[in-house]
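Asks: If you want the building blocks of each chain, they are given just below.
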Amino acid sequence: MFGFYVDDIFVVALTYGLVTLGLYVTLASGQFSVAHASLMGLGGYMGGWATTQWNLPFPIAIILGGLAGGLGGLLIAFILQRTSGILLGTVTIAIGQSLSLVAQNTEFLGASQGLTGIPLKSDLPTATILMALALTAVLLIQRTSFGMQVVAAGRDETVARSLGVSILGIRLYGFGFGGFLAGLGGVLLAHHNGVIDPSNLSYAFEPLFFIFLVLGGYSSAWGGVLGAIGITWIMEVLRFNGGTFLFLDQQDRPWLLGLVLVVVLIISPDGAIRRKSIKTSMATSAKVG
Amino acid sequence: MFEFVSYLMAGLSLGSTYVLIALGFTLIFGVMGIMNVAHADVFMLAIFTYLFISTTLGLPVGWALLIAVVAGALAGLVVYWAVLKRIDKSHPVALFVSTLGVSYVVENFIAKRINFQRPSLQPIFESDPIILGGVVFTGPRLLLFAVTIVIAGGLIIWLKKSKTGLLLRAVSENPLMARVVAIDTNRVVMIAIAIASFIAACGGLVVGNATLTADAFIANSLSLKMFAVAVVAGIGSVGGATIVGLSLGIIESFTVAYAGSQWQNVIGLVAMAVVLMVRPQGLFGRVLRVG
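Chains as they are written, first to last, in the numbering used here: chain P, 129 to 417; chain H, 56 to 346.
Source of the hints: derived by calculation from the structure; they are not laboratory data.
Ideal placement from N, C-alpha and C gives every residue a C-beta, glycine not left out.
Nothing false has been slipped in among the hints.
What follows is a set of in silico ranges between Cβ atoms, one per label pair, in the way DEER data are often shown:
(1) H:R334 <-> P:L296: 15 to 23 Å
(2) P:G297 <-> H:M232: 31 to 39 Å
(3) P:L296 <-> H:F57: 45 to 53 Å
(4) H:L187 <-> P:L248: 57 to 65 Å
(5) P:V287 <-> H:E58: 54 to 62 Å
According to the in silico footprint, chain P covers these stretches of chain H (three or more CB under 8 Å from chain P):
(6) 81-92
(7) 162-169
(8) 274-284
Only chain H is shown next, with the shape it has when bound in the complex:
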């Protein structure tokens, strides 16, 4: 029983990582109709910005966190402004390959600056583990899970209730019609990207706080889960991504425990293949926007 609960906890924190990265990906796809492979790199950029500000420049942790999150959100916007906006929309392949190229540039640039090392992190938030009925709940994992729930819940409510959220949903439903009724689609897209990148940056920091390493190529393994969660949930579905992300984490955790770690990374892929064969629009998706 204790084992079961601790695997469940490990799965939830793993799943939280997937949710935090997939939410922004699915949001960007919803409003822009593009698969932004470079999105996972915001996650990594936030950790490295934090590391740079807090250790190299020696600023207090609070400032470093703030700057890292802002820098993450800005990074997303810069990629949009410098690349995505400028590529011919009638060439989806060019758009997709350009995001691939951006992630290649960012990763190799950062990796070169740190000489292809994996620097380790000091814990950002110190905390004592909580022991309840023999199961150890460590602070970073609880924080990761709490942040995920707050962000996912907040995002869903914001999309449903706020005026900007309504605009965002309108653009994602029908971008042409949204422009016809005088919605500034460019602004809406930029808001969506800023929010998506902000979420990924927060994710980077809380996950970094739990894993205590900074890896320039983390996006390579993370993006696999990002795609799997977004595709299985149905691309554009925020609530679905939350549920699927957490479930994937839990399933993976139990697989590692009972079947062996070599199967961990296969589950997402198999789930994705099955869903695409049986229900191409995803479990929670309606109609696919892009074929």
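If we strip away everything but chain P, and leave its shape as in the complex, we get:
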């Protein structure tokens, strides 16, 4: 659309945006997940397998990959239904890490090489359509009464339960739908790089999505998406504009980004860009009064 290079960056940005949106959906349902990179990888493996081994058309591979991610998410939510908060986050790290190690040791998945020779089918129109559909779905669900239940459960599980909200249902939705979106991102990633390997599943990837989400702000669905697109662009522009800056070069980007994440969390734990929610506006008025 805008020439190969620009298209390419947008595809990557939208791919990351889908995963970050999935992470947002899960976090907004009151659950803490550090497994979205792995759910993305799960989708990538499934999608890659569908196009290379079963010779299925790309759209079906996308759906299958999304379903694989969603199923993985449902499984996590179901098994860990008695765990919540930070402990849940910690366990999901372990789940992601194990998935990566299992993929590394499984011969028919290509072991540490991963699945190779995946056709390069991800293009800007596909990525844009998927993102538009996903964002619309998330925003529409938020407007339904179920969406309000999700917000309630996300704010306070005990109160929500006392009001008759099915917590297990919310949790299954949060992880299932969040995992589905991450899986879609995974299929796009696999068909963009032409390969998916165990490192894509590992939690070494995970801080990246938190960086997108925190810098974009996690009080609305737009935040993570815009964060992913913006930061991917900044990273790419930094790469394009040459090798070194002072003593830094492009391999220094990961730790610099991590540093930005930590600094932003210290200054503003809700994320860099905040949308005033009912809770925060009430809190401020309470302080004034």
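Start from chain P and add chain H according to the hints.
Replies: Same frame as chain P, now just chain H:
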């Protein structure tokens, strides 16, 4: 029989690694109520400090060891002082993500400095293998196991008998009440972090002595075991972490021997999932502090 004993030995040294890393993690959780993902990176920092001091600066091994252990303990304190202390406590997610961020920063920073290589280590302590009844006991493994037993035993006794240990347990039981009775919780937390990081640094050195490589991203695979041991044992339980860590090592070693290496990393996860479904507070845990 010989095979059995040698797998057992391999399992014990593997388990010792898990214990040394999980002890500090569980201790920090006990007093602060946070999951410090960056804790496993102290382990790695100690090896790299040792490597830097002994090879690049060329100081004697004794000094390098001392500086590495002190640097490890300081690293833990610096992370606490610079990050954990400054983040709003009412945002547990922000706290957790910040530790994730710290570990990302530290790992990628160190990895970049060594150009994403895995430098190898000279053995720190030279020793001849001991052969007893046909089973070979190598020095580094015995040392690893001995250090683990000494540290875990020492920590348990210290927590039970010393005055500071008592304060530490008081803070972990009820931080608000501890402050009410005029315990300087900030100091206690710093002591706990220093001890936890010291243990991890010692662990890094004795494990480095056994594996002879320094990997900047070792925390990624190690933290999985750290969580598994702490969660299965019940978070905050030091004795439990020791038992569970050693058992996990032994079970993994036998799994690799009889079922294949692809299953090694699944056991910790399955154990964790089962424990969380059946007994969320862990095998040795009482009541969970954080939900």
